[in-house]
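Q: One line per chain: the protein sequences are D and X, in this order.
Numbered continuously in the numbering used here, the first sequence closes out at residue 920.
Numbered continuously in the numbering used here, the second sequence closes out at residue 920.
Just so you know, the hints here were simulated from the structure itself, not pulled from any lab data.
A couple of the hints might just be wrong.
The list treats identical chains as interchangeable, and a pair is accepted whether it falls inside one copy or across any two copies.
[To be verified] List of simulated lysine to aspartate or glutamate pairs, EDC-like, C-alpha gap at most 16 angstroms:
#1 Lys865 with Glu831
#2 Lys656 with Asp713
#3 Lys656 with Glu666
Chain by chain, the residues:
Number of protein chains: 2
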Amino acid sequence: MPFSDDRIRMMVTAIVFSIGDELVLGQTIDTNSAWISRELAAIGVRVAEHVTVADDQAAIEKAIAELAARCQVLLVSGGLGPTEDDLTRQALAAVLGQPLEENPQAMAALIARFQKFGRPMSPSNRIQAMLPRGTLMIDNTAGTACGMSALLRSNDSEHSCQIFVMPGVPGEMKAMMTKSILPELRSLAGGAVIRSRTLHTFGLGESVIGEMLGDLMQRGRNPSVGTTVADGVVSLRINAAFPSSMQADEELVKTAEACRQKLGHLVYGQDEQKLAQVVAKLLLESKFCRSVATAESCTGGLLAKMLTDVAGSSAYFQRGWVTYANEAKTQLLKVPAELIEKKGAVSVEVTEAMAIGALQASNSDAALSITGIAGPDGGTPEKPVGTVCFGLAFNPESPEVMTRLFRFPGDRAFIRDRSAKMALTLLRFHLMQIALPF
Amino acid sequence: MPFSDDRIRMMVTAIVFSIGDELVLGQTIDTNSAWISRELAAIGVRVAEHVTVADDQAAIEKAIAELAARCQVLLVSGGLGPTEDDLTRQALAAVLGQPLEENPQAMAALIARFQKFGRPMSPSNRIQAMLPRGTLMIDNTAGTACGMSALLRSNDSEHSCQIFVMPGVPGEMKAMMTKSILPELRSLAGGAVIRSRTLHTFGLGESVIGEMLGDLMQRGRNPSVGTTVADGVVSLRINAAFPSSMQADEELVKTAEACRQKLGHLVYGQDEQKLAQVVAKLLLESKFCRSVATAESCTGGLLAKMLTDVAGSSAYFQRGWVTYANEAKTQLLKVPAELIEKKGAVSVEVTEAMAIGALQASNSDAALSITGIAGPDGGTPEKPVGTVCFGLAFNPESPEVMTRLFRFPGDRAFIRDRSAKMALTLLRFHLMQIALPF
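For reference, chain D alone in the conformation it holds in the complex:
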């Protein structure tokens, strides 16, 4: 928690409040709240909560009143449309104890918008120009529903909350935030800034990574370090909350460096970087290995797909095989049928032969092979579901191979995804000329 620090106590606290049946019914995934939170964090406004309720006036009223009592800024989105199930303006009017009245500026903007697109304005649209008395209109540059801004004071006037209401349509909400609300909040927040960075690792579990980081993950530390796992990637989230952006940037870099020191080459990238992009960069910069071919069994093309996710991949990837059946391994990659017979298709011996076969049938500097049991069927006591063998052949003139066997937990999709990432990791360490640390 980057916010337990005393220096940060003065930070403005916000709550993000979304309204819509489609959200509470789960028919639409709420992407607005995450977007709003990122924008607020970047200007030093701390988001304490996300709350979502249905298009139900009583529930909206109750939520606005309760949430406004425990934050300085309440960002509301949704329920501003022209139809009967849009009730946010009515609820805000009730909480403020003010009647809805036509706002001339809002009505002029509404009429102008309909004229611009040559569409007739239906009577029901007029409601979109109605605002609770005393609220300020916020211009909507991307749609018909204007936003609203109002200050809600507690009865004893000891606490006040600035409420902003925006449409739920992401494009309209984002335009309104960017053009009108964020500039206003930036001055309110006055300096304090959160800077974030995420470092990505692959290969070891979250708890091992946590132990390697030790004190860096201590609660209350600022910058804070937390871990999350997604698709087999264990990521470190570093958040630095400081009064000035310069200080936040400096401290962020220091903590990021400290994390990298603890984890060494386990960290493959940061923020938006994907494993395949990092491998691509290494291939493009390598002096001894500038291209790779693939020979896949259980991953069925996923490894080649990841390598070619990267724009410009034709510079280092020219061909790959999906040899799902044993005969395909024999015919296309010259894996001896007797070897498969004797050792089993899922064996380091076969994966070795696949890698060499792919290296020799391509003009590539290296070849990666994968064969394993992705399940749900096909497991045996000796080779349970999740057993996956890897090969990396290199040095085409006089081929060398390294092989590995791993056992992955999880379901078919998880095993396949982890296998492809593990193959990329083998290649990554080969390109760095460093021994695999696991």
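Dock chain X against chain D, hints included.
A: Then chain X, alone, in the frame of chain D:
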């Protein structure tokens, strides 16, 4: 609003509560809450709110206590990991007023899991077997953190709330919901029911689909029909809200049939069905085409990956080629170099030769080929980014080929995804022996 109906008032009310710094900071989009809500709606449990707070023990405690006071079921996810920033179990213990103690069943499951995957258990993992005294353990079949279930009574015993705590990792949460929590809630819910079904189409745009559906999409209709688009798939969401499950089921089926009548074979599947699964089923049941090979250029293995996403895919898929470079097309698929020279690698002529080459180099009944410009670079005025050619070769004794050229909008990832799905769609219509409707 399906819930304004009097008949529905007695429904069980739930709140979905998510915990995580990454969520309130907006670094991760919360997809769990929407999934949980859909599952609850399907069994007639009404979701009143979604709430999200950071990994802050005081905030978690406060939220659990307040939310539990206004619902019958509280579904909590997140903060059960082994690291210091995971505080949900501590917060639950505080709200319940009970100490954390080692749960023998949870510890046994934890040890078994680590043994199964041959990984050493680190000391920090032991915390994952600690539960507040008196809570029930919920088995985690997909990860290490077990879930918890506890009944929280108000001081006057007038109100009680059943609290379920799950890991935040989507796969683990979903497994726990499906296997343990939903079956328990289903009996609790009894009565008013929302039944949902989603029909999937691929190939035409949302507005065209909307026009074909006409009146069926009218607002206020029950069952309601709405459209959503995700990854190029236009889906119809049908919701039937009725007092009895029998009536809801009946009305749902009637409306789904009416939608299928309007759209014909454009509907490829429903609910969790993926296009590749539908194609797999058709291949397994076909009398004339029981296997398929792949020859991919711009999709780089994605088509083979989709075909092998399906468990048991070895029955119909034995081999595939990723011929990214022109020489790979020539050497592996016998595409004449002069043809590539004359027509360009992205041409229906080359895609035709690739499909025939793949058909002849495999023992498959059909072969799919894809070559195109996924971008961001490589486009020309005649063949802009998004131009993709498809081939489907069949009848190995005397090969026939159909080819198509499509132009897709969007970025590299979108074009590749759409291309692989379009190839599956070509095969689907071939297997149904119906002409492609676009």
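Q: Run every hint past the structure and note whether it holds.
A: Quick rundown of the hints versus the structure:
In this homomeric assembly, Lys865 and Glu831 come within 16 angstroms of each other (Cα to Cα) only inside a single copy, at 14 angstroms, whereas the closest approach across copies is 45 angstroms. Within a single copy, Lys656 and Asp713 get their C-alpha atoms only as close as 22 angstroms, which misses the 16 angstroms cut-off; across copies the closest is 15 angstroms, which meets it. For the identical chains of this complex, Lys656 and Glu666 are intra-copy neighbours only, at 15 angstroms inside a copy versus 41 angstroms across copies, given an alpha-carbon limit of 16 angstroms.
When the structure is compared with the earlier hints, no violation turns up for any of them.
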